[in-house]
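Place chain A on chain U using the hints.
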Amino acid sequence: MEIGTFQKTGTGESQEDPIRPDFETGPGGPLGYEPVMWESVGGETATTMTVRYQTQ
Amino acid sequence: MTYHPLAETHDTGTSYWESLGLLGASTGMAPIITASTTIPAFDGQDGTAMTISDSVAKATTGNAESWAGWNLGATYTKLLIIAYVQPSTGSYMGIGAKVDVIPVGSIKPDAYQTRYADAYGLADLGKYVGTSWTGLASETTILQDSATDAPVWGLAFYLDPTLGSEVLKTFFKAGSSQWFEAMEVTGDTAHTSFQSVYLRHDGASCRYITPIMVWGA
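Residue numbers (the working numbering), protein chains in the order written: chain U, 1 to 56; chain A, 1001 to 1217.
Calculated from the structure, these hints are not laboratory results.
Each hint should be verified, as a subset may be incorrect.
Said to hold, decoys possible - Here are the computed lysine to any residue pairs in the SDA-like style, where the Cα-Cα straight-line distance is at most 25 Å:
1. A:LYS1108 with U:THR11
2. U:LYS8 with A:GLY1121
3. A:LYS1108 with U:GLY10
Extracted from the complex, chain U is given alone in its bound form:
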């Protein structure tokens, strides 16, 4: 499990298009994959989310 801060993506207008982390915007560059699980660990800002995620 890794922890990273990502930009937010999604409109949040429906639960099928949630605001969520954009795993293509990590500080170390795009992950290159969508984690099968991730969980917020706080530190949310207007534009970013910090999450714990399962590495591929």
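Relative to the frame of chain U, chain A by itself:
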């Protein structure tokens, strides 16, 4: 020695939750809704209607974003919500807690909610702030087919988002399994008190089944 691997946590007792420190005298948690065998009348619902027949609340066939819920009669900062479900042909099924009392129309805004679905291949946990939905956790390795022969699942949602605690947990109980934790969110304090809880579903003949329990403090 006789070993009963499921004796402590298999059924609907409180031992599992007490073992995690989520229930028990030291937690201050007390029963609010105790629907052991009969589901109480809803204080409000929207979308595809649910009809209560003793131990089951069954949705009609329409498929729409829907909810049905109860006011708690007071304001709580910690909740444990448990419900059992059978998806029939529906997709999302979940449970949530709302900052305000149950409204007449939309469940939005301001709630925490957890769900699972097969249609989107995920379980999730998130929040409404205003009318905007933010995902706080996503898990694609545990889901249940929305099928008429799917087993009854247990859903549980623990909320203690008060500053200093800051935790939200989703649990599942698949078929005859023990309860297990599927998602845990820490550090989110968007909502810190709750006055109502609700069942979140998409209609399509899904069923919520007793026991449905809510503890709070």
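Evaluation of the provided hints:
| no. | hint | result |
| --- | --- | --- |
| 1 | A:LYS1108 with U:THR11 | holds, 15 Å |
| 2 | U:LYS8 with A:GLY1121 | holds, 21 Å |
| 3 | A:LYS1108 with U:GLY10 | holds, 18 Å |
The structure meets every hint from the earlier list without exception.
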